[in-house]
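Given only the sequences and the hints, what does the whole structure look like? Please build it.
Line by line, the protein sequences are chains A and B. When you line the first sequence up against our numbering, it's residues 1 to 630, in that order. When you line the second sequence up against our numbering, it's residues 1001 to 1777, in that order.
Any given hint might turn out to be false.
Okay, the calculated beta carbon distance ranges per label pair [claimed, not checked]: (1) A:Ala-20 <-> B:Leu-1238: 30 to 36 Å; (2) A:Glu-16 <-> B:Lys-1686: 48 to 54 Å; (3) A:Asp-154 <-> B:Val-1501: 26 to 32 Å; (4) B:Pro-1487 <-> A:Ala-25: 54 to 60 Å; (5) A:Glu-113 <-> B:Glu-1229: 50 to 56 Å; (6) A:Ala-25 <-> B:Ala-1326: 56 to 62 Å; (7) A:Ala-249 <-> B:Ile-1420: 54 to 60 Å; (8) B:Ser-1488 <-> A:Glu-113: 49 to 55 Å; (9) A:His-130 <-> B:Glu-1229: 53 to 59 Å; (10) A:Glu-105 <-> B:Asn-1446: 29 to 35 Å.
Derived DSS-like pairs (lysine-lysine); straight-line CA-CA distance at most 30 Å [said to hold, decoys possible]: (11) B:Lys-1754 <-> A:Lys-63; (12) B:Lys-1754 <-> A:Lys-186; (13) B:Lys-1345 <-> B:Lys-1415; (14) A:Lys-355 <-> A:Lys-293.
No wet-lab data here; the hints were simulated from the structure. The beta carbon of each residue, even a glycine, is placed where N, CA and C say it ideally should be.
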Amino acid sequence: MADRGDDKKFAEIPKESVRAMAEAAGLAGLSEAAAAALAEDAGYRVREAAQKSCQFMKHGKRKKLLVEDFNRALRWSNVEAVCGFGSSEPMPFRCAREGEVFFVEDREVALAELVLTPRPPFPCAPKHMHVHSLNFDFKSQQCLSTVSGGLCDDMSQYYQQAARAILGSDLPLMKIALQDLQKNPKIAALLPYFVNFVNSVKSVSHDLEQLNRLMFVARGLVLNPCVYLGAHTQSLVCSVMYCILEPLAASINPLNDHWALRDLAAHLLAHIIALYGDVVAGLYHQVLLTLQKVLVDPVRPLCSHYGAVVGLSALGWKAVERVLLPHLHTYWSNLQPVLDDCSVSNGQVKADAHKVYGAIMVAVEKLVKNKVALCEASELSCGRAATACEVSPCQSPVPSLQPDFTFGPASHLLGRGGGGGGEGLLPASLPAHAGTASLPALYTQLYHLFGDGLALRFGTGASSSVPLGDDGLAEEAAAAQKASCMASCEGDKGKKKILLNLCLQEMARERDGGKLEPSKSPPFRPNILRKSKSGTRQRQEKGGRMRAAYGVRDVFEQPVRPIYPQQRLHVKIAGNLVSVSGRGRVFMSDFPPHIAKQSSKYGQKLSAIGRLNKPVKKACKSDFSLWTPL
Amino acid sequence: MAAPMEQQQRGDLTENNNNNNNNNGGGGNNNNSGSGGSNGSAKVAMETGDAEKEEEAAAEAAEASRKDSGAASEGEGGGGSSGGGGVVPPAPPPPSSSSSSSVLDRKALAAVLEFLQRSGLHDSVETLRREAGVASDPGLVTSGGTASAAASKDAGAAGSSSSRATSADVSSLLSAYKQAGEAARYHDDYTEMKRFVESSLDCHKAELAGLLYPLFLHMYLELVYHEHEVEAKAFFTLFNGDQEPCYQDDLRVLSGLSKRQHLLRGDTSSALLSSFRTGKFVVRMARDSYAGLRRHLQERPTSRASLITQEHVYVDVYDGAPRTAAQVALTSGAMGGEAPRHANKSKVYYGLLKEPELEVPPDDEDEEGAGEGEEGRPKKKKSKKEATAGKSKKQDPNAPPITRIPLPELKDSDKLDKVIALKESMKRVRLGPDCLPSICLYTFLNAYQGLSCCDISDDSSLVAAGFSDSTVRVWSLTPKKLRCIKPSSELVLIDKEADDVMERIMDDRTTSDSKLLLGHGGPVFSTSFSPERAWLLSSSEDGTVRVWSLHTFTCLVAYRGHIWPVWHASFSPHGHYFVSAGHDRTARLWVMDHHQAVRVFAGHLSDVTCACFHPNSNYVATGSADRSVRVWDVLNGACVRTLTGHKGSVHCVAFSPNGRFLASGGADSRVLLWDIAHGLPIAELKGHTDTVYTLKFSRDGEVLASGGADCCVRLWDVTRAVDELDPDDFVSASLHSPPAEHAADLTLGAHFTKSTPVAHLHFTRRNLLLACGAFTP
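Okay, here's the thing in structure tokens:
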């Protein structure tokens, strides 16, 4: 415990008060020393009495100290009890200006009036007992012969009303019911009924609205601090997983937004794991296994895959690393043909595939971001390792060389082994450099798969300082330094805010096949453009030429690198579509180098994922026009 | 002139040094030997010691002289300054005196100086000093009995008593003498000790750190005792924050103390302090750690740290690897330190008693009392009999013989009760992680925060609640109402041979749902039903324990033995005995037919808050506000187990039905499970967020239910906690690694009430869980 600063822990009676009390008692000339000694002693006695009265309070199983406790303590110290202060109303003190004395007014009361006034009867209800059940175990029903069985009337009424409200059409009522579910401390007895209610998801897979509401019910139950799921955790998780993974009957109609339901259910799953992940043995692993099984199963429809990816993403970057990453390559190679197939019959599937792609990108981005943050933290903690050894022996020894995640509010999650990631963070034995070493490898692998789409994700908003590890990986590290050029769309301030992230890259490698091997080739260096406020990365300025010649918008500063004639501009726009309801959707669009020859702009595909791996036509000379159909 | 004296002293000292160099822990011995007189001599000797140190005299001699002087100075009442640690900058070497002053001169000089100083005649002090040739530094020296130093040294331990006796008056004078530089010594000694602990090897650090708390405590007490108020406050403020949080309650009591008179008051708080000052704080250490500590202390014999360690700390050394911080934290926290090994060595008979042979009739309408004979019973009933009697065929080696404690004979009605109980237990639900008990909560309304305690009878038919307005109320939980027995005038008229005599004696005019019992003079802190449902026990703040009859609902006896409030009382499971625990730091064992307690269990350092019997009635477990749990033998009143580890006062203890385990819960919101056979903790159940008020094992001992002030009933998996026990862990019973840190895995459920702190828990015979509490909005 830290030192409590100034040692004014106890009330101390000042000498002047003692003098005043002495004068009131008739003793005029009290000496300094006597007053001081009396004050100290009186203070000590008060403290002692307070401690004793606390004992009475504790044994009375109370948290509030009452006047009776204090009087009892005084009596056991052979001091006269203080009478007349038993009321629970606060006492008004009046101040006498002379001598700065505060006293309690002693009013005169006419007893006769007090007694004879007709008063309402003193509400001293007799003590009686009331019984209700906290936990009703259906299996052990036979024990309850002595107790009035089952649910009492008002409980079952509550359940029926709540269920009706939730499924009904009156929206404010539904909201009230859901809020009550989250806050009501007495519904623990109804838990089995509500879980049953939620489990009926399987029968309503056609009705998205109802599914949504059932998920809200589940969320209310999970977030209620007075409800302990215990044995019901498993069944609740089953229902939630059903919502995440099942190809619902409702999803046949493309107008139904079952994606939002899956997102919601994924977040709920993360909540449940965070709260009960370590209480129910193996819950986390079971969930991971299920998600993995769905992901690798090619027979499953894409919406299930989407659900799996979103679920993994919600569970945390560790889950993504463990489950998604190993299968990413195969999955990606399976997904690409779907994305590239532009036939009409494939339209719906392709749209689904885009969803999955978006989800994967989000998950992967979070993974990389977290890795970067981990590296930084471990860097900082390395620097602090020297000072971590100096620790007072009285305190529990501080483990050194642990990233910052072990302190602070997240630490309790680690202690329970739960948490968003399900497992604890890097164990202390893991050297701090492990994070750094794997990051470039991870990044190269991801870039290899996704290309520049990834670089954009990585760059959005996160800090861009990745410690340059080994020399061999310096390029990749440099590659990781991204530039985000934020420009708000001029005419679009109203409802949608598109964050325009632009990454101007040099396709430095000029090979015949145009195949880009960015991970291997040194000449790959990204150009970094920034707005005028941060001009740290300006390398060379040859901007004028570009600007003037090609009508580039004024938001762009001069390019950092000389732009060689063969270079192409490969523009990707990605962002966060924030709609009216406030829910954002990340998206990315890729615009390949504009080939002026192309006659029809409708031939321009909206996305060209994976195009990098395909041979690019050679004959483009000047491709610095930004033709960005917005 | 002072110089010659000192030279002679030096001479004295050196020859005595040789004697004393052989003393082990010389500082300690010299401490005891030189307790009395040598304060003054010590001061000069210290000075000499410093001088020698300065002059780079023989290191040993310097050591020894410093040791001696320091030791001598740190006598019982010693306010002497120590020369150790090089704290005080050595004074410039005074001229050595050559005159041989006698012991008496020195003492007289010291006494006179003291008197002058206290009377405020400072000029005279200066003059006297100048003339007597003592150095002018008032903080360091009054020339005292040099030969007292000699006396103390000439035989080591031998000459101690004489010198001590003669110089007792000087010491008493000088003990009150305030020395300015001396208080700083405490600060420096403590800091040095801290530095030593921090710089020791990591593996020893945790155990050595356990030494800092008693050191801090006693240094502060000594500072207060010697009336160095300002320094005491400064010392406290500076080092208070370093101490472990579990000691903060005691330290808070201490921080209110700053005067010596408060230390000596004959009151509860000073009962605490007297236990601090006279008892020894136990610290357990591995041999390696102890070796390092001893080496360090021997190098600094005059340091307050070493002296306090010798006087007030008992280091229990064991062979084995040093414990980690987690292991130390598991058993630390009690007011008196940890439990020494020998405290937990005696054999405890934790097995259950042999049940008497009872015939369980298979048909339910059989109302005849069960006989004990087995002849003539048809074979088909044999299986049931064996089921119940099979266990008791062979003698459990861990069970006490049935005659160890005299137990009452079973009456016919008791046998009937037992038969009914057995029948019910056969319908018991087996609990486990997949089969949790149903919980039924009885809420007391309109109690106005007055409910202090409640208890439910064994057959779950009655509940008794004690209130802070001195009343006890009994309710019936079954549809059957409560009735009194008819007055004696009517009882005479009843036909005693009638079949339903038990019904006839009841007076139907007095039927009611609840009965009010008046008689106590203070809040009732505990109630307990006797196993045969005939009596109710209640204990209260007025110091009495009352027994009420449940037939007439009147008070029968008031047992007066505790003078102070009685916090807890409970019946034994076989009836006839009950134990009470009170504020006077004792627990008392009573027999119902004796007006005085037959055993007094004394040993706790602070008031005893709860007590309960072992299922075989041979042992009593008590929990106390000194944060330890003790198990006492009923036969001879000895303490057979001391279990430390709670970080707050213990509020409830409960034995498991098989007798092997003990659960305790307290103000630190933790529930600890102990193995009685070895006296070691098995599991630490964390989950509550506030004081745990009540604990109960299920009827078969598989589930433990706990309830507390956080309005929550928690269920714990005992089978799992116990299964993870490895008997090999207990072979070297001194050390073990605390198993089962997965407290979360042991939770089976947590059930919250709206705002009713749970005051009592009870498992019915069929393993339905009943909870009681008062509604506190």
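Evaluation of the provided hints:
no., hint, in the structure
1, A:Ala-20 <-> B:Leu-1238: 30 to 36 Å, "holds, 35 Å"
2, A:Glu-16 <-> B:Lys-1686: 48 to 54 Å, "holds, 49 Å"
3, A:Asp-154 <-> B:Val-1501: 26 to 32 Å, "violated, 44 Å"
4, B:Pro-1487 <-> A:Ala-25: 54 to 60 Å, "holds, 57 Å"
5, A:Glu-113 <-> B:Glu-1229: 50 to 56 Å, "holds, 55 Å"
6, A:Ala-25 <-> B:Ala-1326: 56 to 62 Å, "holds, 58 Å"
7, A:Ala-249 <-> B:Ile-1420: 54 to 60 Å, "holds, 58 Å"
8, B:Ser-1488 <-> A:Glu-113: 49 to 55 Å, "holds, 50 Å"
9, A:His-130 <-> B:Glu-1229: 53 to 59 Å, "holds, 56 Å"
10, A:Glu-105 <-> B:Asn-1446: 29 to 35 Å, "holds, 33 Å"
11, B:Lys-1754 <-> A:Lys-63, "holds, 16 Å"
12, B:Lys-1754 <-> A:Lys-186, "holds, 6 Å"
13, B:Lys-1345 <-> B:Lys-1415, "violated, 38 Å"
14, A:Lys-355 <-> A:Lys-293, "holds, 19 Å"
In the structure shown, a violation is registered for the earlier hints numbered 3, 13, in ascending order.
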